[in-house]
Every structure is written in structure tokens, then in C-alpha cells.
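Start from the sequences and build out the full structure, keeping to the hints where you can.
Each chain is listed here by its residues.
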Amino acid sequence: MAMLGKMLILTMSFLGLGCVQSQLQVSPIPESVHQSNVVPLPPAPEPGATVKKIPALQVAILVSENLPAYSGVANDLTKLLGRRGSIHYLTSSQLENQKIISRLSSENNLQVVAIGLAASVAAKSIGNKQVIFCQVYNYQHSGLLTPKRKGVSMLPSLNKSFTIWHELAPDIRDIGVIIGPGLKEMIHAAEDAAYASGIKLHVVTVNTDKEYLYAYKKLSKKVQGFWLLPDNRILSEKILRDIMTFSVRNSKQVAVFSDELLKLGGLFSFSSDTMDIAQQVVTRLEQSQFKEDVPGPDMTYLVKVNLRINLVMANKLNLKIPASYNKYAKAP
Amino acid sequence: MESIRSGRKYSARNMRRRFHIASRKSSRFISLVKQRLKNRLPKSLARRIMLLQFVWAIAVYLLVISALWLATSLVIESNVRDHGEGWIAKLDELGIPIYASDDAAQLADAIAYVHNFSEVMHAKYYDASGKKIIAGYTHKNADVSDYSPLSEHTIAKLKNSTDHIKPIVFEKGEHFQMRISAPIWIQSFENDGMISFSLQGKGGEKIETIGFIEVVIDYSATSAKLYRNLSYASLLIAAMMIVAAYVGRKMVSWALSPLSYLEQPLTRLSKGETDVTVQMTGDEEVDRIGIALNTTISALNERDDSLRRLANHDALTGLLSRKYFVDQLEKEIVRINTVGGTSALFFFDLDRFKNINDNYGHAAGDRLLIQIAKQLGKRIRDRDLVARFGGDEFTLLAYNVNAKKAQDIAESLIQLMREFVFYESGDMIKVYFSIGITIIDDGMLNSHDYLKEADAAVHEAKRQGRNDFRLYKRTFVDNNEEKGDGWHDRLQDVILNDKMICYFQTVVGLKNQPQQLHEVLMRIPDLKYGILMPGAFMPAAERFGLMAALDLKMIARAAKILHEQANDKLVLMLNLSEQLMAEKNLLSFLEGVIRDNHVSPGQIIFELSESYVLHNIDRLCNLIPDLSLMGFRFAVDNFAAGLGSFNYLKQVPVHFIKLDSALIEQIAGDRIDQITVRAIVEIAASLNLQTIAKFATDQESIAMLKSLGIDYVQGNSTGEPLQQLSV
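Just so you know, the protein sequences line up as chains A and B, in that order.
Under the working numbering, the first residue of the first sequence carries the number 175, and numbering increases by one thereafter.
Under the working numbering, the first residue of the second sequence carries the number 9, and numbering increases by one thereafter.
One thing to keep in mind: the hints can contain errors.
In silico DSS-like cross-links for lysine-lysine, where the CA-CA straight-line distance does not exceed 27 Å [what the hints assert, rightly or not]:
1. K339(B) <-> K481(B)
2. K437(A) <-> K391(A)
3. K98(B) <-> K167(B)
4. K437(A) <-> K396(A)
5. K714(B) <-> K519(B)
6. K374(A) <-> K391(A)
7. K437(A) <-> K412(A)
8. K395(A) <-> K298(A)
9. K322(A) <-> K358(A)
10. K395(A) <-> K98(B)
11. K392(A) <-> K577(B)
12. K412(A) <-> K592(B)
13. K214(B) <-> K437(A)
14. K592(B) <-> K358(A)
15. K396(A) <-> K339(B)
16. K374(A) <-> K396(A)
17. K568(B) <-> K592(B)
18. K148(B) <-> K180(B)
19. K214(B) <-> K392(A)
20. K412(A) <-> K174(B)
21. K519(B) <-> K592(B)
22. K165(B) <-> K437(A)
23. K592(B) <-> K658(B)
24. K577(B) <-> K412(A)
25. K391(A) <-> K174(B)
26. K391(A) <-> K214(B)
27. K391(A) <-> K98(B)
28. K392(A) <-> K339(B)
29. K214(B) <-> K298(A)
30. K374(A) <-> K395(A)
31. K98(B) <-> K412(A)
32. K714(B) <-> K412(A)
Label pairs and their in silico Cβ distance ranges [claimed, not checked]:
33. Q208(B) <-> H376(A): 53 to 63 Å
34. V83(B) <-> N500(A): 46 to 56 Å
35. T146(B) <-> K395(A): 52 to 62 Å
Hints in this document: simulated from the structure, not taken from any laboratory.
Heads up, the beta-carbon is just placed ideally off N, CA and C, and yes, glycines get one too.
Given below as C-alpha cells:
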């Protein structure tokens, strides 16, 4: 009976019924390959497809801290993994954290899911275990990638994001992206996705928030919009406010990573769905079972996107929102 | 230890003493300043207010200007700081290429931007150590040598940030320059900071200092402009305050102008005028003062009236006072001297008023004076003035009357008094007065002269037997004329050289008595008037204690006359003064006189006034019997003047009683007087006394007196005093 319940949950998840009302569930767009080391995963199971029985390999879910973005994924994972999954929160006590790591290290037949950078870095200490990390943006910066340690991107579906952007702003041609160092694979994937929607990404790599602002203003002459990525290394609150103010003054379309930034003048926000992340993680766990390493690319990308449209900015920028998107448009 | 303690005590005492000295000095200094300030303050309310306003305006002006200058300085500095912060932000932004891209061209662009602003003297970018200048700009002609590189202290301050607030160091230099330095930061969110991104997130950022900016701002131009404007404003405010002061002066003058309405009445009031009324101006405060002044003036008028009444009227009788009377007399003299005419001055002296006081007390005397005043008031004309001159003396100023009319008035008043009876303690007392009259017709005389004349006249009237009037004829000698040693010498001369002149008035016997009685009256010679009456010299003689000597001389003269006349029927009556009666050797003197002149004492009758007898009964009850034994006889003069008792006659064995003129003058027509005289005569007869009636005015009276049993009569009708003795 319990097994039947789990299957029903998984089925509903794949059907997208687990998303909140504001989430846009768009059919997956085929990912194009564009000089990238990222190997796309096999397509996610189609809705209504029979879910394979999950082998009885235990999964330890190591969570950086009890934040909604982390705990939401952890909770969704437990829904998918059932009794296999066990959540372990890191604490502010290094000793406690060490105990957790030691205990996980000593267990056999265990797969590890690390949610957040701290958990992912801590998971590096767990020897010879397959680790799937998620909710980490600068995975390269922290040296997380190894054959046994691979991740799921924290960004929402790139294809769907640019598709939506193009549908909302058909005239958009050039979009600026400012990133910190070491995110080439992700940028390549993004360029491919944008290209598929007829958009050219102008990418500038900076090291500091000062350079960010400088580059942003410099880049603004070339682009109609900016795609803000959540790179903590080059962003500060002041810079965010400055660039948002600059964008509003210069009528730039800005896609932001948080609904909060809509208040500062973002046109729409693209954010990821925790169940989407959980499903991608579970897929990678399944593919890794009974194998030495984690198969597949270093990072797999999400297939869904949560959308919110700033109706005020849309009006200011004279964008006509298609009827199908009206439900996502509201004033911040 | 003890010495330390005592030393401390001494030190404390010393400090207290010094403190007290300093306090005294400072308070003395403050008092001196206050005094000098007080002395220098204008003595005008308006000027004082103006001075206060002026001082206040100056103080306000100085305060305002000081505040303006201070505020301007603060505003300038604050603006420079704000401006400097702006420049720091701008240079921070302009300098990004230096730290982001090492792009020299970008820096040149940034510096080019700064070129346009002359207030930026120089700008420098330092590396993270703060020691090395990465880039810099200096304005041409700028002298910024005063500014050394960033100090360790400044760098430390710039690196020390709390709550993510960028520290900025402001260093004020000379010549209106300010150096502003700040760190160049890069900021980034913490790891995983973007997962739960929130705009309200605090402290979730890392800050790193990658360099420093230094900018020197020259704000001299701005300051000069502001201070120039401030100077203009100061001048404008000063001008406005001058205008305000002028307007204020006018307003103060206008506001205080109602006070000037008080000036005229107050000036008049200060001159003693009390017929002043302060008019109401409609100003509440001034009207209050006016009402208060009017009330004060009314009170002053009432008090003046009261004082005037007190000063001008006699408190007892309500008649005019002596002073007021004299003033009016002076005015009348001046008037007569100016326009001519005559008026009369009457001097009244109550006869034997002393007896009333002695017998009935002073209260009775006062009541008598009041009634006399009423009697006088009844008889005079409204325009005439009656005054109580003092004691029992009254004066009357009758306007526009000549001597004849004056005498008529006097006669009328004498008649009035004859009809007047004073009732006291159940007794009916007849009171008379003597009147002296002088006619005011000579402007060369003053009030004093006229009063002396009237006084002399009244004395003459009294001397002539009282209850009569005399008109001053300028032959009288004022007994007050010589009050000094002149009289003394004259009287001494009279006494030593025996210059007395004897006048003789016959006392007529009504019963064919063989004896021829004559009263010897004393006169003294005078170069100016020939002969002086007793009223002229007797007061002086009494005052100088010479009456006894005069009386002795008169006794001796009488004895000599008796001797010379060698007429045993001749009897001389002599008045003895109180001073003589007090002489201890009177008896021996009289014995010597009788012996020396070989005369019989029975030819001499001594007269003593009834008042004297009444007051010296103890002495006389021994003296008179002794002298009577020698043969001398005594008469009581003015008998019944005070309706005294007959009892004293039992103790003082006199031989004659001289009835007072008051009983005799109207005897012919006054039934009461007749009954009284008859009773006295009968009593006298029973006591073996003979009676003499003074002032028998006519034959009818003499006949009446004779019928009543009077033994002798005396008066001008029976014979005026003569220098020659007619036997």
C-alpha cells in the first residue's frame, strides 16, 4: 500500500501537478548541443509513463541549512525516495557536522545528495560515495566536480526561459549577461538556449561588483535586456539597486532570479522548481546505482521554470503580454 | 598629623577669606557699575525706552549676524562635506577602470571629467595599502603641497567600517580647502547568499577594500560668494534695524504722547495750584493716572480747605484767626492807601475775664468766649471781619467807616454787651468789654501800628473805668511801643527824680459827709504826648517790678500833699499794686511816711482790687488789720465785678467797697442792678462799710444811687481827673 502511494506521488510529480499555481509548466524543448561538455540527460519520463521500481540503495540528503530553498528540495526528495531518503541538516557546530560526515562515510550502500554549497563542500569529505549536489551556483569555483560527484543546476530551464522571454518580448535580440569567472559550461548552454529563441547573449566576465556596474553600463549600449544570474561573488545589494535603477532609467528588460527584484524594476523573474530539482536529482541517483561513478554530464539542467511577470514594467516597456501569460502577470 | 590638619584648616580659612575679599570686591565693582549706569541713564521715560530699544536692537543685531555667520560657516562646511561625498562617489565610479581593467584610457576619460570642475584641486587613487598612488590628477596652479600622503591613522580609520557604512575622513585645510578621503570598496554577497535572496537582508555581504580615494576641494569661491552675500545681508539687516529704530522711536513717542497731557496739570500742581483737573484722554493707563491725580488733587483741596479753615479761624470760637485778620488788615491798609477812604479797627478786651476763669474755671471762660463771639457775629455786617486776637481779646475790622460811624458801632456793641448776661453755674454774670478804636486812614502805617493804636485805645478805655470805648487820638502812647530797657530807664528816672504827676478825681459824698474824698491817679510826663496815662506805662512798670516803687512814691507824694494841705477833712484814695502789697517792709514804710509828714493815716484810703483780695485773703487778713490799727483804711475796688461772695469781707476788714461800674452804668433804668446795689448797700451797712459807686454817668443815676443808700459816687459826670486838687 505504501509503495502504491509513492508511485502515485511520483506519477503526479511527473505530471507537474506538484507545482504551485504560478509555475509555468512548459513542455521540454529539445536541448541543442553547442560546443559544450555538458551531456544532456535522457529525457525525463513522459507523464503517465510507468515508474521503475527504485532499488533499495539508501540516500542521505545532506542539507546546508534549514532554508526554504534547501528544505523544499529535501522534502521533495524524501517524497520521491520514500524510506530510502534521510535528511541530515548541517549545523553551526563543526563537531556535529563532522560527526554527521563520519557517520555517513561509514555507511555502505549509500548515495549522498548535497543541497547547497556548504553541504556540497562538506560532502567532499565523504569518501568513495556517489554525491549529487544541487542548489549550488559556483560549483566549479568550489571544486565540486569529480567522477563520483556531479550536480543538478540550480538555474531553471534555460530553453524555456528564453522561449518565454521571446514570446513576451518578440523584439528582443540582444541580451547581456555578466558573470563571474569559471561558468563557461553553463554560459554555453545558455547561449545555445538563447540562440534557439533567436537571441544573442553578450557575456562579460567580471571579478567584482564594481566591475559589474562598469560592465553593465558599458554593455547596456549593445543590448535590450539583461539576464541577471545569482552569482554572489560579483553582486552586492548596492550594485543590484544601482543596476536596476539604471535599467529602469534606460528602459532595459531585466530577467531576474528572484521575485524580490521585480520590485526594483525587473521585468520578469525565472526561478527553479524544487520538485523539478528533486526529480533531476533522483534521476541522477537512479542512473548511478550500482555503478562506480556518476554517469552523465557534470551538470544536468532543469526542465521547468517558475515565472512571474511585473505588469508595471511590462506596461512601461510597452510589452503586450499574451493572454496565456496573463495569469503570471501582476504588479510586484 | 596635627600640623597637617592645622595647615589644612589655615589653608581653608585663607581660601574662605580670599573668597570673601573677592566677593566683596566684585559686588563693589558691580555696585559701582550699576551706580555709574544709573547716573548715565537719561532722565526721560521715552529716551530710556529708546535707549533700551537701541541696546536691544544692537544686541539682537549682533546675535543675528553672529548666528548668520556661524550658520553660514556651518552650512558651507556641511555643503562642502556633502559635495565632497558626492565627489568621492563620483571619483569612486570614475575610478572603476583603474581597479577593474587597468585601462589607462578610461582613467584619462575620468580625469577629463574632473577637469571641468575648478573646485577639485586634486584627486588621487591609492592602492589597497594606501601608500602607492595608482593614479592622480592635480588642477593647474593648485598648491596642494600642504597635504601630505594619507597617514597610517587615516588609513586605519578608512579601513575601519562598522555596519557597512563607508568611512569618510574630512580634513580642513587652509584657504578654504578640504581634503576628503574614503576607501574604495568591492562588495559581494556571502556564499549561498543568493539562495534566499532578500532586499531586506542585512550583513550578508562581504566587503573588501581595494584602494583609497583622496580629493581636495577648494571652496573659497563658494565661501567668498556666500560671505559677500552675507555682508550684503548684514548691511541690509542693519539698515532695516535703523529704519525699525526710527519707526520704533516714532511709535514710542506716539505711544507715550498721552503722558504729555499730564504735564500741564502736574506742572500747575507742582506750583501749588490745586484748581487743576486732569482731562481724560481715552487711554486706559493714562486715564487711570488721571483719575488718581484728580482724586489726589481733590484730597489736597479738601486738606487745604481744612488747613485753611484751621489756620484762618479760631478753633474755639470759630471766628477768624489772628493771622488771617492781620493779613486782611494789611490788604485793607493797602487798599486805603491806593483808593483812599477810611476803615476802623476795633480792639475788644473783656473786662475782668480773669475773674470768670478764676471763679468758674477755664471751661466757663471758654463758653463765655464762644458766646461773646456769637454776640459780635450778630452785630457786625457781613463784609466786616471779626477775629479772636488772643485770650479775651477780639478785633473787628469795619470796612469803609469813619470815626463817627466807628464810635456808633462801638456804642452799639457796648450796648449789646450791656444787654448780654452770661449764665454759669446758676449765676447770672454781667460781662462787659472795653473797646479801643483806631481809624485806618494812613497808608504809611502798617497793621502792627494800627493794632498798637487800637490796643492803646482799649487800655485807655480800661483805665478810664472799663465797659467803655476810646477812639485812638494819637495822643495815647502805646504801652507796647517800648518793651525794652527804654521803659525801665524812663520809669527809673521817674522814680528817682520823683517825676510822677498826680491827678485827682473827686469822690462825691451823697450823704453830706464832712470828709472830702479824692482818688489820686498817677501820670508820668512824656516829651511827645505831654502826659502818659497809666495804661501806657503800668504794664512796663509791672514787668520791670517797678510798681511797688511807683506806689511808694505816690504814697509819699500823697502824704506830702496831705501835709501841705493841712486839711484834716481831706482824704486821699490811692491804688495799691500787688507788687507793693508783697513788700515786706510796707508797714515800716507807711509808719515812716506818716511820721515824716505828720499826717493822720485816717486821711489815706488804700484801694485793692477785688480779684486781688480774693486771691490773697490769707495775707490780707493779717496785713489789713495791722494797717487799720495804724489808722489806714481800705476799699475794695471793682466790688461785685465777679459777683463774688461777701464772705471774704468778714476775713478782710476793709472800710469801703467800690462797686463795679457794671452795676452802676445802667442803674437808673436797670431794676436788677438797683436791687443788687441796694442789697450790697444793706450788706455793707450791716458790716459797717461805706459804698462808692464808680461811673455814675448822669444826675439821674446819682440820684438813684443816693436813694439806694450809696455813700459816694465817682465818675466823669461828677468830676474828671484834674492835676489840681480842688478842696
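Now for the hints, and whether the structure bears them out:
1. K339(B) <-> K481(B): Given that 27 Å is the threshold and the Cα spacing comes to 23 Å, the pair holds.
2. K437(A) <-> K391(A): At roughly 20 Å apart (the allowed maximum being 27 Å), K391(A) and K437(A) satisfy the hint.
3. K98(B) <-> K167(B): holds, 20 Å
4. K437(A) <-> K396(A): holds, 25 Å
5. K714(B) <-> K519(B): holds, 8 Å
6. K374(A) <-> K391(A): Answer holds: K374(A) to K391(A) is near 18 Å, not above 27 Å.
7. K437(A) <-> K412(A): Cα-Cα ~15 Å, so holds.
8. K395(A) <-> K298(A): Violated. K395(A) to K298(A) sits at ~43 Å, over the 27 Å cutoff.
9. K322(A) <-> K358(A): holds, 21 Å
10. K395(A) <-> K98(B): Holds - the C-alpha atoms of K98(B) and K395(A) are around 21 Å apart, at most 27 Å.
11. K392(A) <-> K577(B): With a Cα-Cα distance of about 177 Å, the restraint between K392(A) and K577(B) is violated, given a limit of 27 Å.
12. K412(A) <-> K592(B): At roughly 144 Å apart (the allowed maximum being 27 Å), K592(B) and K412(A) break the hint.
13. K214(B) <-> K437(A): holds, 24 Å
14. K592(B) <-> K358(A): Cα-Cα ~170 Å, so violated.
15. K396(A) <-> K339(B): Violated - the C-alpha atoms of K339(B) and K396(A) are around 129 Å apart, more than 27 Å.
16. K374(A) <-> K396(A): Since the Cα atoms of K374(A) and K396(A) sit roughly 11 Å apart, the hinted pair holds (cutoff 27 Å).
17. K568(B) <-> K592(B): Roughly 23 Å separates the two Cα atoms, so the pair holds.
18. K148(B) <-> K180(B): holds, 21 Å
19. K214(B) <-> K392(A): holds, 25 Å
20. K412(A) <-> K174(B): Judged against 27 Å, a Cα distance of about 12 Å means the pair holds.
21. K519(B) <-> K592(B): violated, 38 Å
22. K165(B) <-> K437(A): violated, 36 Å
23. K592(B) <-> K658(B): Within the cut-off at roughly 24 Å; holds.
24. K577(B) <-> K412(A): violated, 165 Å
25. K391(A) <-> K174(B): holds, 23 Å
26. K391(A) <-> K214(B): Given pair K391(A), K214(B) holds - Cα atoms ~23 Å apart, limit 27 Å.
27. K391(A) <-> K98(B): This hinted pair holds, its Cα atoms lying about 15 Å apart.
28. K392(A) <-> K339(B): violated, 124 Å
29. K214(B) <-> K298(A): holds, 25 Å
30. K374(A) <-> K395(A): The hint holds at about 14 Å.
31. K98(B) <-> K412(A): holds, 15 Å
32. K714(B) <-> K412(A): With Cα atoms ~158 Å apart, K714(B) and K412(A) exceed 27 Å; violated.
33. Q208(B) <-> H376(A): 53 to 63 Å: Distance hint for Q208(B), H376(A) is violated at roughly 32 Å.
34. V83(B) <-> N500(A): 46 to 56 Å: This hint holds: roughly 54 Å between Cβ atoms.
35. T146(B) <-> K395(A): 52 to 62 Å: For K395(A) against T146(B), whose Cβ atoms are near 32 Å apart, the range 52 to 62 Å is violated.
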